[in-house]
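Chemist: Those protein sequences? They're chains A and B, same order as listed.
Mapping of the first sequence onto the numbering used here: residues 539 to 735, in sequence order.
Mapping of the second sequence onto the numbering used here: residues 539 to 735, in sequence order.
Watch out, some of these pointers could steer you wrong.
Stated by the list, open to error - Label-pair distances were calculated between CB atoms; the ranges are: (1) A:Ala696 / B:Gln541: 16 to 26 angstroms; (2) B:Asp704 / A:Arg703: 15 to 25 angstroms; (3) B:Phe647 / A:Asp648: 46 to 56 angstroms; (4) B:Gln728 / A:Ala658: 18 to 28 angstroms; (5) B:Asp648 / A:Ala734: 19 to 29 angstroms; (6) A:Met539 / B:Gln541: 43 to 53 angstroms; (7) A:Gly604 / B:Gly717: 26 to 36 angstroms.
To be verified - Derived list of chain B stretches under chain A, where covered just means 3 residues or more per stretch with a C-beta under 8 angstroms from a C-beta of chain A: (8) 599-606; (9) 611-620; (10) 652-661; (11) 688-697; (12) 710-724.
To be verified - List time: in silico DSSO-like cross-link candidates among lysine-lysine, alpha-carbon distance up to 27 angstroms: (13) A:Lys725 / A:Lys540; (14) A:Lys730 / B:Lys725; (15) B:Lys730 / A:Lys730; (16) B:Lys725 / A:Lys725; (17) A:Lys592 / B:Lys730; (18) B:Lys725 / B:Lys540; (19) B:Lys730 / A:Lys725.
Note that these hints are calculated values from the structure, not bench results.
Backbone N, C-alpha and C fix where the C-beta goes; we use that ideal spot for every residue, glycine too.
Listed below are the residues making up each chain.
There are 2 protein chains.
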Amino acid sequence: MKQPVELSHACRLINHGPTVLVGSAHQGRRNVMAAAWSMPVEFVPPRVAVVIDKRTYTRELVRASGSFTISIPCRATLDATYTVGSVSGRDDAQDGGPDKFERYGIEHFDGPVLGLPLVAGCVAWLECRLIDEPHAEEAYDTCFGEVVSAQADTRVFAGGRWSFRDDNAELHTLHHLGGGNFAWPAKSVQGKVLPAR
Amino acid sequence: MKQPVELSHACRLINHGPTVLVGSAHQGRRNVMAAAWSMPVEFVPPRVAVVIDKRTYTRELVRASGSFTISIPCRATLDATYTVGSVSGRDDAQDGGPDKFERYGIEHFDGPVLGLPLVAGCVAWLECRLIDEPHAEEAYDTCFGEVVSAQADTRVFAGGRWSFRDDNAELHTLHHLGGGNFAWPAKSVQGKVLPAR
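I would like the entire structure built from these sequences, with the hints used as guidance.
Modeler: See below:
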């Protein structure tokens, strides 16, 4: 069910504002965190912005490796999403103990281009090369990235478009309202252009 | 039903990734456009980023005035949202004709701090001062702003939190899937922290 997505459609995957999981790895260390704040900034080349707090372990690994991944979770992975957004991976690393993937049994696989960790059970996956923008990172914790691979679960994203239906409800994306409370999109509707007066 | 929102809660209004309407005005000219790409970047002080294409009339007015507004539309204002995202206000302005508000009968009111246009019938409203970041604007069309006023419709946002329920369905926010197709959030659910292994 996991299929490549054309890079020109990659930004559609986060166009509607879902919470995402940011994956990272560097020299044998790896981590995953939840991020409610991300957006596309360009369709072609596909570029995104994601806010990663400078105090996080993820930020350290992203800076060191110059890359990150985005996995888009769904209702079926709600608790894993909340969990990796609630605990720091740095504590695990300092203890020399298991990382978040191991500690919470979060299955993952390697991205096809960069080999970075993507989270299984999600509904879409991006690998990104960090664009070097030290000022935006420092002033706004905003990390810009260029998408180099994109994949999605064809049960809920096909033909370059999300399709949220009653029969795939467990695959609907999560949208963070605050405090661990998430909404998910229900049906969709087509807008119409109003007649000019 | 429109009430002020504490500035420390302002970023909650766009935390879940809704499509927004960007309002602008400068020296008697004004405009409004839809933007699917926005996100918070900081809770305190409340700061946001929104992608505004450099070819748009909105961008010209935002740059000239150093400010913009964000109105958060809902299902009841779906067609107005799609309309102001589909036509350019520059054509109207060059013709000396009515602007988008007049042409499409889009009611609006002045923001309490900056006096900029906010769109009536939406469910939340922010006024923002543009932060001077010419490089991010040029390279990524990303405009950073500091929120200076926030208001929301208490039927759907109260106590610093969105509440999407069956009985306020027309007030649910819009999330752009592409091509004028919008999803809206249905119910919400609380995430739980998984037990460590």
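Chemist: Now, for every hint given, state plainly whether the structure supports it.
Modeler: Hints, verified against the model:
Evaluation of the 16 to 26 angstroms hint for A:Ala696 and B:Gln541 yields a failure: the beta carbon distance comes to about 42 angstroms. Take B:Asp704 and A:Arg703: their Cβ atoms lie about 19 angstroms apart, and the range 15 to 25 angstroms holds. Between B:Phe647 and A:Asp648 the C-beta distance comes to about 53 angstroms, which sits within the given range of 46 to 56 angstroms. The given range of 18 to 28 angstroms is respected by B:Gln728 and A:Ala658, whose C-beta atoms sit roughly 23 angstroms from each other.
Against the hinted window of 19 to 29 angstroms, the Cβ-Cβ separation of B:Asp648 and A:Ala734 comes to about 24 angstroms, which satisfies the hint. Checked against the given bound of 43 to 53 angstroms, the beta carbons of A:Met539 and B:Gln541, roughly 45 angstroms apart, stay inside it. Remark: the range hint 26 to 36 angstroms for A:Gly604 to B:Gly717 is upheld by a beta-carbon distance near 34 angstroms. Coverage of the segment 599-606 of chain B by chain A is violated [criterion: at least 3 residues with CB-CB distance below 8 angstroms; count 0].
Coverage of the segment 611-620 of chain B by chain A holds in this model, with 6 residues showing a Cβ closer than 8 angstroms to a Cβ of that chain against a need of three. As drawn, the segment 652-661 of chain B meets chain A at 0 residues by the rule of a beta-carbon pair under 8 angstroms; below three, the given contact is violated. Only when three residues or more bring their CB closer than 8 angstroms to a CB of chain A does the claim for the segment 688-697 of chain B stand; here the count is 0, and the claim is violated. Residues of the segment 710-724 of chain B lying with their CB closer than 8 angstroms to a CB of chain A number 12, which satisfies the three-residue condition for coverage.
Distance check on the hinted pair: A:Lys725 and A:Lys540 sit about 23 angstroms apart at the alpha-carbon level, within 27 angstroms; holds. For the hint linking A:Lys730 to B:Lys725, the alpha-carbon distance of about 25 angstroms falls within 27 angstroms, and the restraint holds. Taking the CA atoms of B:Lys730 and A:Lys730, the gap is about 39 angstroms. The hint is violated against a cut of 27 angstroms. Under the criterion of a C-alpha separation no larger than 27 angstroms, the hint pairing B:Lys725 with A:Lys725 is consistent with the structure, at around 12 angstroms.
Simply put, A:Lys592 and B:Lys730 have alpha-carbon atoms about 25 angstroms apart, close enough for the 27 angstroms limit, and the pair holds. Between B:Lys725 and B:Lys540, the direct Cα distance comes to roughly 23 angstroms. Compliance with the 27 angstroms bound is thereby established for this hinted pair. Proximity of B:Lys730 to A:Lys725 is assessed by CA-CA distance (about 25 angstroms); at most 27 angstroms being required, the pair is judged to hold.
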